[in-house]
Structures are given as C-alpha cells and as structure tokens.
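Number of protein chains: 2
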Amino acid sequence: MNKNILLGHGSGGKMTSDLINSVFVKYFDNDILRKKTDSAILNINAGELAFATDSYVVDPVFFPGGNIGMLAVSGTVNDLAVSGAKPLYLSAGFIIEEGFPLEQLEIICKSMKEEALKAKVLIVTGDTKVVKRGQCDKIFINTSGIGIFNKKNHEISEGKNIRVGDKLIVSGYIGDHSIAVIGARENIQFENEILSDVAPLNLLIQDVLKTGHEMKFMRDLTRGGLATVLVEMVEDKDFGIIITEEDIPVRESVNGLCEIFGYDPLYMANEGKVLFVVKANNAEEILQTIQKNEYGKDARIIGEVTSGNGGMAILESVIGGNRIIDKLAGEQLPRIC
Amino acid sequence: MNKNILLGHGSGGKMTSDLINSVFVKYFDNDILRKKTDSAILNINAGELAFATDSYVVDPVFFPGGNIGMLAVSGTVNDLAVSGAKPLYLSAGFIIEEGFPLEQLEIICKSMKEEALKAKVLIVTGDTKVVKRGQCDKIFINTSGIGIFNKKNHEISEGKNIRVGDKLIVSGYIGDHSIAVIGARENIQFENEILSDVAPLNLLIQDVLKTGHEMKFMRDLTRGGLATVLVEMVEDKDFGIIITEEDIPVRESVNGLCEIFGYDPLYMANEGKVLFVVKANNAEEILQTIQKNEYGKDARIIGEVTSGNGGMAILESVIGGNRIIDKLAGEQLPRIC
Chain A
1200 MNKNILLGHG
1210 SGGKMTSDLI
1220 NSVFVKYFDN
1230 DILRKKTDSA
1240 ILNINAGELA
1250 FATDSYVVDP
1260 VFFPGGNIGM
1270 LAVSGTVNDL
1280 AVSGAKPLYL
1290 SAGFIIEEGF
1300 PLEQLEIICK
1310 SMKEEALKAK
1320 VLIVTGDTKV
1330 VKRGQCDKIF
1340 INTSGIGIFN
1350 KKNHEISEGK
1360 NIRVGDKLIV
1370 SGYIGDHSIA
1380 VIGARENIQF
1390 ENEILSDVAP
1400 LNLLIQDVLK
1410 TGHEMKFMRD
1420 LTRGGLATVL
1430 VEMVEDKDFG
1440 IIITEEDIPV
1450 RESVNGLCEI
1460 FGYDPLYMAN
1470 EGKVLFVVKA
1480 NNAEEILQTI
1490 QKNEYGKDAR
1500 IIGEVTSGNG
1510 GMAILESVIG
1520 GNRIIDKLAG
1530 EQLPRIC
Chain B
1200 MNKNILLGHG
1210 SGGKMTSDLI
1220 NSVFVKYFDN
1230 DILRKKTDSA
1240 ILNINAGELA
1250 FATDSYVVDP
1260 VFFPGGNIGM
1270 LAVSGTVNDL
1280 AVSGAKPLYL
1290 SAGFIIEEGF
1300 PLEQLEIICK
1310 SMKEEALKAK
1320 VLIVTGDTKV
1330 VKRGQCDKIF
1340 INTSGIGIFN
1350 KKNHEISEGK
1360 NIRVGDKLIV
1370 SGYIGDHSIA
1380 VIGARENIQF
1390 ENEILSDVAP
1400 LNLLIQDVLK
1410 TGHEMKFMRD
1420 LTRGGLATVL
1430 VEMVEDKDFG
1440 IIITEEDIPV
1450 RESVNGLCEI
1460 FGYDPLYMAN
1470 EGKVLFVVKA
1480 NNAEEILQTI
1490 QKNEYGKDAR
1500 IIGEVTSGNG
1510 GMAILESVIG
1520 GNRIIDKLAG
1530 EQLPRIC
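So the sequence lines, in the order shown, correspond to chains A and B.
Mapping of the first sequence onto the working numbering: residues 1200 to 1536, in sequence order.
Mapping of the second sequence onto the working numbering: residues 1200 to 1536, in sequence order.
Don't take every hint at face value.
Put simply, identical chains are the same to the list, so a pair is met inside one copy or across any two.
Calculated pairs, BS3-like style, for lysine-lysine (alpha carbon to alpha carbon, straight line, at most 30 Å) [unchecked claim]: (1) Lys-1234 with Lys-1285; (2) Lys-1202 with Lys-1359; (3) Lys-1235 with Lys-1351; (4) Lys-1337 with Lys-1409; (5) Lys-1409 with Lys-1202; (6) Lys-1409 with Lys-1285; (7) Lys-1409 with Lys-1213; (8) Lys-1235 with Lys-1409.
Calculated directly from the structure, the hints in this document are not laboratory data.
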C-alpha cells in the first residue's frame, strides 16, 4: 500500500475499500461497523435521543496532549453528555488532502479508537473523501453522535430551571487547549509544557448525575470559552451571573501566554472542561464528586446566578471593580478545534 | 452583515450566532433546531435505528440540476432509505472558506430546505467552521442522518436473502450526475443540457416497500457507480450477476461524452439512482410501481442473479461477448459528490 493518501482512496472503488479495511475497520472494529452497510443499524430502547454533529479542522493536526482524532471523538461525546444524554454511537466522516501520510492517518485513527474506548462509545459508520493537494489543509474530521436519555435529563440543555442563587462550578483549569494549540502552531518553547485538556467528559458527568441532585444546566467550554457560555446563559433572561476572577482556575503559564498574545483566558476554547449550574445547597457535595474524577480534580465554584443584573454576566476582578462580559465579537483564534 | 464569510463567522461568538440566525435557522427552522441546544433532542419510538454520514466536497459547488446543498440532503437521505429505513432527521456540518459569498451560502441552504421538505426530513442540529482562504475549497458539507425501521427492513442492507433468479432493476438513466458536474467543471457547452439526477429517493423506495413484495437488496449508485455496487454484491458469494448492456439506461449524450473523456458510464456516480434486487415473479409489478414515481419513470430490469459465475458480475455487451466487471482501481473523477 502507498505511504500517502491518493485521490483513488476517495474513489469509492478498490482503493477506498482497501483503506477502509486496513485503517478504519482495523481501529474502529465492532459488530455494527463490520457489516459495512450504507447506514449503521442500531438497536436503541429509548424514546428520547440526543443527536449532535461537529466538524474538526484544528491546525496543527497534532499538538501537545492530543490530535484531531482525539478532539473529534471527545468533542462530540461532550456535546451529547452536556445535553444530559449518555453517548452511545458516533459516525466519522474524513476529508483528506491528497498526499497526507497514511502513517499519520493511522495515529489519528488509533487515538480515536482509544478515546472511544475511554468514553465507552462505538464508531459505527463513516465516510472518506479525498481532495486534491491544496483543496483542504491536511485533514478535516466530522463526527456526529447519538445518545440516549435516562429520566428527564433532556431538559438540562435548555437550562429552564436555572434560578437566582444557583452556583456555577467549572471542572478545572481553563485555556489549556488553546494555548497548547497556539504553542504548537507558533512553535513556542514553554518552560513547562502546556498540554491540551482534550478528554471525554461523559463519565464525569454521569457520576455527577448519579448523585441524584438536580442538574440545572451543563455546557462544555469549547469555542468562545467560558465567557460565551455565560453570556448565552443570561441572554434574554431575568437573572444575571456574577463570577469571581480569583476563583476561576487559570494556570499561571496560560495567563502569561495570554498576556503576551493579547488573549483573554475567559474566551479561550477548552476541550475537556464543563460548566455545571446546580442548587446552592448541593454545590459542595457535587464539587467533591467532580473532584474525585481524573478530569475534574481542579474543579471550583466560580460564581452564582444573581438578581439585579438581569441579562448580564459580570466578572468581579481581582484588582477590584466589575466588568460586564461581552460576547466574542470577531475571531480570536481560528482552527482551534 | 458582511457579504462574505469571515473567520469570525466560525468563532463561536456573536458573528457565529448572527450567521446561525440569519441563514441556518431562517431556512432550516423547526421546533427542534430552534432550541439551539448542544444536541438535538429527538423523540423516536423505535427499537431499531439507521445512522449514516457523508461529507460532500463536490466541485463546482453549483452544477446543472443542483448544488452541494441538494447533494448533502439527498445523499444522506438515500443512504438511509436504501438501508430500508425511513429517514427522519439530519445534521448539517459546514466547513467554509473565508471569503465565500454569503449569497451563495443562502442559495445552498435554501436548496437544503427544499430537498428536506421533498424528502420529509428535518435538519435538527448543525455546526459551522470557517477556515482561512486556501485552507479548503469554497465549502464542504457533512450531513449525518437518523432513520427508523418498520418491520424487518433492517436486513435489506445486508443482502442476505439474495438468491439465484432474482431480478435487478435500475431506477433510471445512469451517469447524468457525473456528466453534469464534469460539464460544469470543464465549461463544456452541451447541445442538450445534461442535468444532475440529484434527488431524494426515500418516497420512491417507500412506495416500492409498500407493495409488500420482499426486497432482497437496495443500494444507491453513488461513487463507483453501478459497477461497484454489482461487484460488492457478488464479492465472496456463491452467486454471480449477469447484466445486459442494451438494457442499461444511458442517455446518448452521456454515452457520447463518456467516449470523449474515456469514462465508462457503469462507473459514473449518480445521485438519484438506486438498484433494486427482487424476486423474479415480483419484478414486473415492482417495476411498474417504480415507473409511476417521478424519480423512477425510466426504470428498467437490467439483469439477474445467476449461478455458474459465482463471485463475478458479468456484462453481456451489445456487440456480443461478455466482460467481467472489475472494481474501480483508482480515481475516475475526484470531487463528484
């Protein structure tokens, strides 16, 4: 087999089926995928389903702590999980630039397999397109996912039950993913390497839901970062939010890099961080549950839902004074996910 | 609003939500999408689901008879339908090149809306990424889809019940889509314009299944064309296939163009054609049912499942003599879908 991806690998003919067998089936192998039917046939015993999609175009494809394949699995798993669903099945659609090294495709697929195992999901259907050199940048991956709901968790993603007094918990340090990707892109040498936080959060979220305490709202802090999630939470609402800058977990090294580049960590994309909104009197117990999970050990309560500032998210800064958090106006950092 | 897509439209911030509201929600509007949750929440009363994904990278984006948006909806609807499922929900993931005209994005989304209406499916969740100029070619769209099964139709896509004597029906002229795209790409002036056959086939397929006659196998004739489907059907099987060249519907103009370019219509991608395999004594009745549908009026019986040539698909040519149909070896035509 050739060492690079050729246009023929996207032809739908012999080379495509060779590639499917030698790479995709090899890594993603399971009973459903192996049937190679036009659609995956799933047996789901549930009335209520979650369905999510995301395309991943991160540049560079490999970065400290992860690669585009890990992102593609974790990202969609997390979209389903923050909706309150249990992720079960993923699709994987590849758009590959002619000449892309097969070896790198294998590393990416191996990572996808490992992330899927961690998250306990199956990759059950896929598609491959190959475009000529210069018509896409290396590789783009779309994953779509299906999850099922237990009980009434499908109401979580609408956030209808958020009330004044509810507490906001962030599951750990923010900004790591963005800084890891910028570092790799700009070839920056860090004193202490900053790794992407890319991770599937569904099992952490499952642990939290298992406490039985009401979950008001969850959202993963991807593109647009914590700031965008907060602004969207209060948009057109009677309540507001106040968060305290000194309680927001940001690594010193990330803060430093942000100052140099002129970025604000609040707006930085994360790929393994989630915001929980819970009742005040459950907040401490839920925080402890989160901290027991490997992906939540640096979780903190960062603020609360407030009255008197309806429709506004406010940051109480370390140096004193408040600042209204705005929606990101333009593009801070393209191709971060 | 700016007339071209900017990087900020993919930021996840204000410009992204403006784009979502002014284009995607405008055209795809429905109760599920409007909630703008991380995952679409679907209510499905079925144990057995079909799940399919496809990325569309067709070049040019607009071609006689269609555009990339029509392809993206019809293609995935057809993947679900040939599995025997009733398509219900689609996702739409856009990767857009910076500078792409918003007006063209609107035309594409309007087409997607119209195709979805024709096929009676809803677009319920989506994603938008914008990459810098030169990092992708105009626009790529991924659609994934969910369908439900009635009865035991989920066995159709495995083709387990194919038997010697079964008849093969093709739903109409083959090669139109490929020639329409090549024509647009190479700026060829045709005497009689050849239009792409892009169309959602699920309602045609539903009509056929409603006859109650057993459906042995269905497959849409996309990348790799009729030839590839036939080769895959007989691969590792005890039975073979014989098709008769003069029974295969190919327009004269398509045949002519194929001769000029050195293409074989058997391998040309179609986007609105399906192969049915049915019992011989039901074939005529099913053919008539197909011909009553607007997308099946040129359907024909083209051959049958045979013994004595196990594992081989054979073409009886017009000029006499047989030829074994091989799998497409390389890439005939990149970016046709």
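Any hints from earlier that this structure breaks? Give me their numbers in increasing order, please. Of the numbered hints, 2, 4, 5 and 7 do not hold.
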